[in-house]
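*Asks:* The residues making up each chain are set out below.
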Amino acid sequence: MMAQPVPHQTTADKKRVKVYELRNNDWFDRGTGFCTACFVTIQEEQKEPRVIVQSEDQPDRLLLETKIVKEDGFQKQQDTLIVWTDNGVDMALSFQEADGCQAIWKFIDHVQQQFQAAMGGPDDGLSDDLAMDMPTSIQLPPAELGTLIDIENTLRNLSQSPSGRDALAKAIMSEDYIAKLIPLVEMAEDMESLGDLHHLCNIMKTVVLLNDTGLIEHAVSDECVLGVVGAMEYDPDFPTHKANHRQWLNNQGRYKEVVRIQDDQVRRKIHQTYRLQYLKDVVLARILDDPTFSVLNSLIFFNQVEIVQHLHMTPGFMTDLFAVFGDPTVQPLRKKEAVIFIQQMCAISKNLQPPARQGLYGNFLQQGLVPVINYGLRHPDVTVRVGATDILGSILEFDPSMIRKTIYEQTHRKQAPLTDALIDLLLVEVDLGIKSQLTESLKVLLDPNVPGSGPPPENREGFMPKGKHQVSSDPQQDAFIAHFYEHSVAKLFKPLLDLEKRPNMKFNALEDGIFGYLNEILCFYIRHHTFRSKHFVFDHNIASRFGQLLACKQKHLQLVAIRFFRHLILLRDPFFTKHLSDRRIFGPVLDTLLRTLPRDNLLSSACLDFFTSINYEGDRELARHIMENYREKVVALSHVDYFKGMLMRWDQSRGYTVSEVDEEDEVRGVGRGAMMEHLAVDQAQEEYWNSVSDDEEENHHHHHRRPTGVVVNGGKLPLVEYTSDEEEEGGGGDAVMTTTTTTTAVDGGGSESKENEKPVVVVPSTPPPERLSEKRRREEDEDDALDRLMQHKRRNSSSAGSNSSLGSSGVGGMLRKKGSFHNNNNNSGKARSREGSPNGGGGGGQKKIAISIAPVLKTAVVRAGSPAAEEGGREVRGGAGI
Amino acid sequence: MSDLDRAIAQLRACRPIPENDVRELCHKARELLIEEGNVVTVNAPVTICGDIHGQFHDLMELFRVGGDVPDTNYLFMGDFVDRGFYSLESFLLLLCLKVRYPDRMTLIRGNHESRQITMVYGFYDECLRKYGSANVWRYCCDVFDYLALGAIVLGASNTLSEGGGGGGGTAPVAGSDVEIEVCNADQQIISRFLRKGSSSASSSREGSQAGESQVGEGGSSPERGRTEGSSNDAAGGQPTTNGFGDGGGPPAPTNTGPPGSGASGASGGSIGNPAGAVLCVHGGLSPLIDNVDKIRLLDRKQEVPHEGAMCDLLWSDPDEIDGWGLSPRGAGFLFGADIVKVFNHRNDLSLIARAHQLVMEGFKEMFDASIVTVWSAPNYCYRCGNVAALLELSEDDSGLGVLARSNGDVNRSDGMGGQGSRGVLMENDLLGYNTAGPARRYRVFQAAPQDSRGMPAKKPVADYFL
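Chains A and B are the protein sequences, given in the same order. Heads up: the first sequence runs through residues 1 to 882, numbered per my numbering. Heads up: the second sequence runs through residues 883 to 1348, numbered per my numbering.
Rather than coming from a laboratory, the hints here were simulated on the basis of the structure. Just to be clear, a hint being listed does not mean it is correct.
[As the list claims (entries may be wrong)] Calculated lysine-lysine pairs in the BS3-like style (CA-CA distance at most 27 Å, straight line):
| id | chain 1 | residue 1 | chain 2 | residue 2 |
| --- | --- | --- | --- | --- |
| 1 | B | K910 | A | K335 |
| 2 | B | K910 | A | K506 |
| 3 | B | K910 | A | K555 |
| 4 | A | K555 | A | K491 |
| 5 | A | K336 | B | K1012 |
| 6 | A | K256 | B | K910 |
| 7 | A | K205 | B | K1012 |
As the structure is a prediction and not an experimental result, all values here were calculated from the model.
Generate coordinates for the entire structure from the input sequences, incorporating the hints supplied.
*Replies:* Here you go:
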């Protein structure tokens, strides 16, 4: 594995050596050979440490075989010499290479240490394995260039066992060993001794990966940090490269201070946190193991919380900060930095406990945050605009009512509300990130479901009783929405409304981006602002406006239109279906499909998806509308199974309501069939039933279903009876229907066996996996899943520090809202439930993840898990491990 | 040199291109992808690749082993991003190549091509670091929404083309007999598996395949009874060994039907339809999709949903079970051999190629070679120690296997598809044409050598206030 290649030198390696014996005060050469040092079994269970030298010329002959005994007084002299007294005779081994000498010496030294520690003799407690538990207090080799190999080996050996790591961490701290090592870096650099630098790098890595909080904090202290990262610039894994960590961290200009932070300790903490992030993201990125990752993360986290809390509590600091914006003499650069400063505070504040977070935001708002946001939104520099939308986003995510209150005041005082500023920017902004955050904000601020008071309880997101949204609980919010519809909504949707007078449907790149966002906002408003949005859609003939987009050249705009129509269809609201048919929308969509269909592309698929979303059983009127007005188009499309079936159904039932309700009910009771056809039948019927009884439910944003996904998917299935026509039809390649086709409509797979001589594999009739009870459970579990997700998210964002404009996709926004209620779980989030990381502490841990976490979760994100849980889940279970 | 070529050159050097260029690129890609069906039709020859996961240098190694674009026609089955340190460069390079050579490069969506997943598993952070804002991430996510959900490979030959083993390989075997060939990165043949019923004895040490490449797994890499049975004696040609007959291997899969039913693997050759098409998806099958054309009814331009057909295609896994099972991933399903066989039969597929799961050997055939997992990220996450593979399907030059697909993809097959009929995937009357699915050549390769990958690290935050 490449993460940390351990040059494994066993003591059994042969080292070329000359053996000397002192005779008559003269060293007598006994010959040249290869030296080994190891435990030799002399009897059963009896082992002796011995040094053996095999003759080079005659491998069978031993030049030396000596037992290592305590009394012999082995000594290492210089780099290549080991001397001792063997039964009164002075002996010496002269090694050809220092490495070899070192290796043999390590063994001897180790054995001698054992003698001192254990006194029990070599046969008890000694084994071949040198990496055994070490005594709790240890002696580190002196920090010198000459002993680097020694140090490296000692550290590596000790760090194998938990007790060794503890002892090592203690020893390094108590001896201030890091400080002793640091000068060696420059010395080695001066000598251009790459080997030493590589050893130093390995040593530093081992020290940091000891994963001791105190040690890591010490390593990033002002005194040590440059030396520590300096050593790690020379990674032996990349012998040809040198990193420039010191240069990066030494650049004082990176630290910006908008308002002087008086407390030295806090300032130190800020620097330290930055270095920790650097360590985590850059220096150690490749080799970080899970425990160290979580230690670094929690250090960063606690530091950040402390810093923000301190600044929040420091009297006068906030006033000074916001005074920057009021002072006309202040340089624009400083104002810009102040916005980004607040942005970073908001990013960090996401990790605070809710009361602290509330306090901080309250403080911000009291100091005049809304004008600052306003200032930022209009700033020419995009980073400032990003900052402003980000700040707004963090507060909205936590508690939109904090911002809403200001907006109520603004409208009360007849000032332009903040929403107007958002709209203005949305319409002209070029930055996609800002655009989607603004979209998100305009949704949240206009959400009529205002909680009673205080920080939002769970039910804001989740478990509102059905239909409650009809009664807006907050008259102020209601008044604001009324005001919004009166003054702002037309401005917001202006690009859409302007289409009416537009001579052509040619858009430039700047213009055409807006419609997707407007569609998203409008769909939200339609779901939530029942009568007002209906009025708006109706009065401004919105369906026709979107219909116009079908005529433009850009396919992605046509897609926007179709998506809007499908949204209305899926609401299953007679008002909107009627609106669509009154505005004769189905014709253009059919035309679009006809125009596109020879091609199999995204547009044709979207059109088909639209039509398969229509529930003809539930809305006979709509079916009639389409058939009576566009029959020729449907006929023209009848080479598509779906439309063929539609025609057939229509011709068969001719205006009569099909009275198969009771039968279907029975079928449904049976449960989802085993054959896929049956499954699909049930789905389609379920959709039908849901659409009747859950009409209301689908109308507003209730959350036990996915806001977008589920409904759509249910509706995506074509009515099943037509599905298995496929084979017959394809065989002929034309639209002529055989009688078989008709029977197929009734009998799912029957025709298949007729068609093929080969025996057909029958699907064993196992019920499809997702039983209803399970499904319900899993839906409930979503919340847990979301929490977990949030913790992951938070981990990332907090560590990123520059958490600019996180997640503004629709779902992301929702998730953030949810996550914000669970801050008290921070620590577990910090401690990183190991899912996010690929690394493994071994198969065991990963196995646990794959089994204990993954099955419960439903969210897409959490399931991604560690590679074990994700891609290798089965491998791990199979016992392979990764 | 066009801007695009310049961008390609820059990305090949693993240097990100400027934000504006990314926007431009994504814009072009969108126009191109919007014209692709949910299931793209690709004609053989094609080289099919699995997950990449931001391992840029290994992607370069992949191109070295598999041939460069546009000389080789590539199909990537998703998961370009996350995990590795170079998601951005990897994805943008693939996208550039797609825009530059639309016909030689097919990209389909993986479960990691999603906003939610990339926020957690690295791509988002990487973009933020490399550009200082999340815009590039947004551009890329927009493109993700347009990526096709699957691909159908038509016209794959049931014999291997020349050139797999280059020099240094084993003695040539009658090409038509070879069903599977495994090569290493140096173009040497590691092993060959003959078609069942072939008279010639198998060539190079078949057993070595099982012995060497499996890492702690139960079954040998091409998980077929036959190869397991032949690991000691070269009995490659014995048609009698089937799912039940492999004594030495792991317990025979219990999900096979009665002998002779077609589900047991005993009915000769690979199960699946001869010369049939190959379906490529990232994850697997969905209970909501019983037929490939149903995939075409999805409006795919959306974030990957949490459930439903689109989600399942990107999340499901095959497993040794009967029917469908809950997935431990929490999304998608597990599906058994029976499901695959029925699906392949119904859709005239000879094989489903998918990615999504790490396999230590780089590839793994399951269920009588009716489905294969291809994994193209060697030493996954820089520490899993696995090898990677790509799957080559060669072109059928007999003229019998190639069928133009009538519903045209633009730039593919016949663009306008005159007849306008949405035909079945393959003509039924080809059933008797040959005896097994396409011949498959797997090229197995290792992680790019250390020196060439530079120092992986994230770009640190430049300025800080707190």
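*Asks:* Is K555(A) close enough to K491(A), meaning Cα to Cα at most 27 Å?
*Replies:* Holds, because 26 Å separates the two Cα atoms, which is no more than 27 Å.
*Asks:* Keeping to a limit of 27 Å between CA atoms, is the pair of K256(A) and K910(B) held or broken?
*Replies:* violated (39 Å)
*Asks:* Within 27 Å, alpha carbon to alpha carbon, are K336(A) and K1012(B)?
*Replies:* Within the cut-off at roughly 22 Å; holds.
*Asks:* Taking 27 Å as the top limit, are the C-alpha atoms of K910(B) and K335(A) close enough?
*Replies:* violated (38 Å)
*Asks:* Please verify whether K205(A) and K1012(B) have alpha carbons no more than 27 Å apart.
*Replies:* The given pair, whose Cα atoms are some 25 Å apart, holds under the 27 Å limit.
*Asks:* CA of K910(B) to CA of K555(A), is that 27 Å or under?
*Replies:* holds (13 Å)
*Asks:* Taking 27 Å as the top limit, are the C-alpha atoms of K910(B) and K506(A) close enough?
*Replies:* This hinted pair holds, its Cα atoms lying about 18 Å apart.
Violated hints, in rising order: 1, 6; the structure is consistent with all others.
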